[in-house]
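Visitor: Sequence:
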Amino acid sequence: MATPSRKTSTPGPLASKRPLPRDPSSEVPSKRKSSAPPAPRLLQSSGPFVEGSIVRIAMENFLTYDVCEVAPGPHLNMIIGANGTGKSSIVCAICLGLAGKPAFMGRADKVGFFVKRGCSKGMVEIELFRTSGNLVITREIDVAKNQSFWFINKKSTTQKVVEEQVAALNIQVGNLCQFLPQDKVGEFAKLSKIELLEATEKSIGPPEMHRYHCELKNFREKEKQLETSCKEKTEYLEKMIQRNERYKQDVERFYERKRHLDLIEMLEAKRPWVEYENVRQEYEEVKLARDRVKEEVRKLKEGQIPMTLRIEEIEKQRHNLEARIKEKAMDIKETSQKCKQRQDVIERKDKHIEELQQALTVKRNEEHDRQRRISNTRKMIEDLQNELKTTENCENLQPQIDAITNDLRRVQDEKALCEGEIIDKRREKETLEKEKKNVEEHIVRFDNLMNQKEDKLRQRYRDTYDAVLWLRNNRNKFKQRVCEPIMLTINMKDNKNAKYVENHIPLNDLRAFVFESQEDMEVFLREVRDNKKLRVNAVVAPRVSHADRAPSRSLNELKPYGFFSYLRELFDAPDPVMSYLCCQYHIHEVPVGTERTRERIERVIQETRLKQIYTAEEKYVVKTSFYSNKVISINTSLKVAQFLTVTVDLEQRRHLEEQLKEINKKLQAVESDLIALHETNKRLEHKDNELRQKKKELLERKTKKRQLEQKISSKLGSLKLMEQDTCNLEEEERKASAKIKEIHVQKAKLVTELTDLIKSCTSLHIKKVDLILQNTTVISEKNKLESDYMAASSQLRVTEQHFIELDENRQRLLQKCKELMKRARQVCNLGAEQTVPQEYQTQVPTIPNGHNSSPPMAFQDLPNTLDEIDALLTEERSRASCFTGLNPTVVEEYTKREEEIEQLTEELKIKKVELDQYRESISQVKERWLNPLKELVEKINEKFSSFFSSMQCAGEVDLHTENEEDYDKYGIRIRVKFRSSTQLHELTPHHQSGGERSVSTMLYLMALQELNRCPFRVVDEINQGMDPINERRVFEMVVNTACKENTSQYFFITPKQMLYGIAKSVNTLLFT
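Count along the sequence shown from 1, add 873, and you get the number used in this note's numbering.
Rather than coming from a laboratory, the hints here were simulated on the basis of the structure.
Don't be surprised by glycine CBs; every beta carbon is placed ideally from N, CA and C.
A couple of the hints might just be wrong.
To be verified - With a straight-line cut-off of 20 Å between C-alpha atoms, the simulated SDA-like cross-links for lysine to any residue are: (1) 1211 / 1221; (2) 1201 / 1645; (3) 1588 / 1259.
Claimed, not checked - Restraint-style ranges between C-beta atoms, simulated for each label pair: (4) 1591 / 1562: 52 to 60 Å; (5) 1831 / 1097: 21 to 29 Å; (6) 1030 / 992: 19 to 27 Å; (7) 1591 / 1213: 49 to 57 Å; (8) 1030 / 1801: 34 to 42 Å; (9) 1797 / 1850: 36 to 44 Å; (10) 1590 / 1213: 52 to 60 Å.
Start from the sequences and build out the full structure, keeping to the hints where you can.
Guide: Here it is as structure tokens:
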């Protein structure tokens, strides 16, 4: 026996009330770190352990324990203690220490939750009995990483190796027939007959029994598949045979037609060879003609050689004469250039004379023009003087000008003041427009945030989104207030807290519409659900508002535990929404804490008695057990928020809308003022223009006399200058005549030199003409020779062209021969270099490219001309066309079906042999599996019925199946009767009461105990719900069964002391 303890624990009340006598010789040593005195204990008797039994259980920082070590006995081990003292912690340690899954315990899905709160690591160590040496399995748990580290006999290993070692000892912590934790007791009754059979086979059957069962299921499945396959193949084979019989006559007609087509194919194959032979003969003829023309071309080229030599000699003589002509031409050109130079000088002299005469004419014209301008100026002065005499005195206009100037200054001042006001108003307007733009941008940003929430709603719940759009367009149909879906109306004060609200309020309510009136909700659902077929949710807010209901406890009382707010204070919502959430989900009663709350969660649960609690990352739901009044807490991790993370300050948005209205009013007032100021400015501008025009007219009248006096003075000065600028025409004429005379003398000398140069140039022209006549004679002779040469060349070209045409024709025929040969070989399926054996040849004609043709011997019996071949082709095609209505695919399908029939026949034989083999295997395996299984179930039934009879009840266990061949439908059926007036009923989760199911489960496990081949069995608090009489009877059976020799180890956990004077029979008693 061992006594687990915690550092802060005290002995349990049960241990202090019911101390048992201690026998030092029967104690099992245990290690513990605790200052508390050891609890009384009754220790194991000396008995042998079964292979795989638990010798020692050690725990450190595990659930409720700091350090604890337990040494169970080889047979019955009872663990007794009040609720919450750590009984099930030992069961959890056994499960997790033997590589069991955390979820199997039904407490938590992460192994880190099994470490004591406040600790970063925990440890479980299980020592199992083995005859070859005990096996020590250690599991260290890291809370931060939620990982486990495994050791076997203090050496690091992997979980897979541990699972293999545990399975080798036939330990199955996942089998409810072997390991039944507290939270899984109810699931045993939910096991189906098939699942119960599988668990029983694994628990007490021979190792090969479950394997035989699995083999039978696999064999039966394959047998069904083979039977179905054989049946399908047989039916298919019969259909194929019948179908081929129907198409047999069509196939024979098809082959008759094929014989005609084969002859057509032979004729079409010979035709290219005949075409080739015809073209080859034409090729030989063209080749001979080309050779003859080639010889003619050679003779013509030899006759052109003497003419070519004479033409070259004459060409040299012509080049010599042309060089001498070119020299004379150069001399003539030089002489002509000198003549041209003399002529240019003479022309320049004539031009100089002309320029002198023109200069004299210009001076005469200038003098006449000066006299005319003097006369005009004198006349203009006289006219101005007359006008000056008639001009009135303008001194009396100054008072009028001064008055207009004063009016004009006053109007300009008023105009400047008005323009200043316009500028101020414009600036004010620009300022207001900027403010309006900023406010509108803020409102758009708020709308964008709201649109984000609507986009999420549209993406996830399109029907709800469409219903929102319908509601916004049809609000006039409702009598009272209707709120859009809660997820749109809720506005988080801090989006970091959105996860608490989303985890607390179900998603169906988050997308629900909230109504103040039941009648409005019915109208809405009728329109949206019935008419538009949209899937939406709707709720009605309470008639009496719960929105402002105060919490039962002040937040100040909860702040020492780390709570900072209730859920209701984390967000804003319309009054109907807030009232509904307070009424339905009590958000005004659910506090939200921090990490500090999680660290002291046990104290929070015990002292505050809150039903729901939120910490930084977890949600806790606290419940009280109906049977034991025990406080149970369930914690879950918070999911990440999805819909409420967007925060919109609605109060600020309303403030911005009011601000926008005020700005629009100010803008309208400024616009009105600007219009009035523009009208005033326009009137002042018009008046200013009128005054300026009047002033301008008066100033013009005043300055007219002064302008006339200035003009007269200016004209007198101009007249004086013109009279002083005189010219002597006689002197100018004399100078011009002297210069012209001198130029004429120079011209006479130049004319004499020009005459001499012309005579020299004439002599050179005569010599050049003589040379040209000689060159003409030479050219005439050359042209005659070239004409004769061209005639000979023309004949040569014609001959060469004929040769080229013949050669091209030869090449064309050669290419055609090659193509026909290639096509003929392709028709006969011969390669380019392949030759046909002698027995298949008729003749071997020579091919222009050097290869040999090889038409098959079958051609001997066929016509040898194209006309005969074409006539025979026409005849055979006519005969073949008589076989109408034949489909080649029918023949292909017929042949394919023949092959398929043969293949299917062979496959069917193989399948039938395989099916017989499977049936033989099933028969053998079934005999090895079913007979031992029936014996095993009969033994279980005998024990189970005996146990029920001792309790004045009835129960039986049988092997149940609807079809003997369906091995996957075999199962163990448990039927029980607790009252004499009823019949036996199958054990189900619904027919019997909780106590009756517990009794049935316990007695079935007892029936397995003596037949069990597993090393130990664990049953945790199965007596919950039993009445005291059944509880005592069952316990007596447990003690009598588990304490027999040759039985496996048994762990029985209960919160009640059920010693009833039989403590001496129990191997080990443990008080927690």
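Visitor: Among all the numbered hints in the text so far, which are the ones the structure does not match?
Guide: 4
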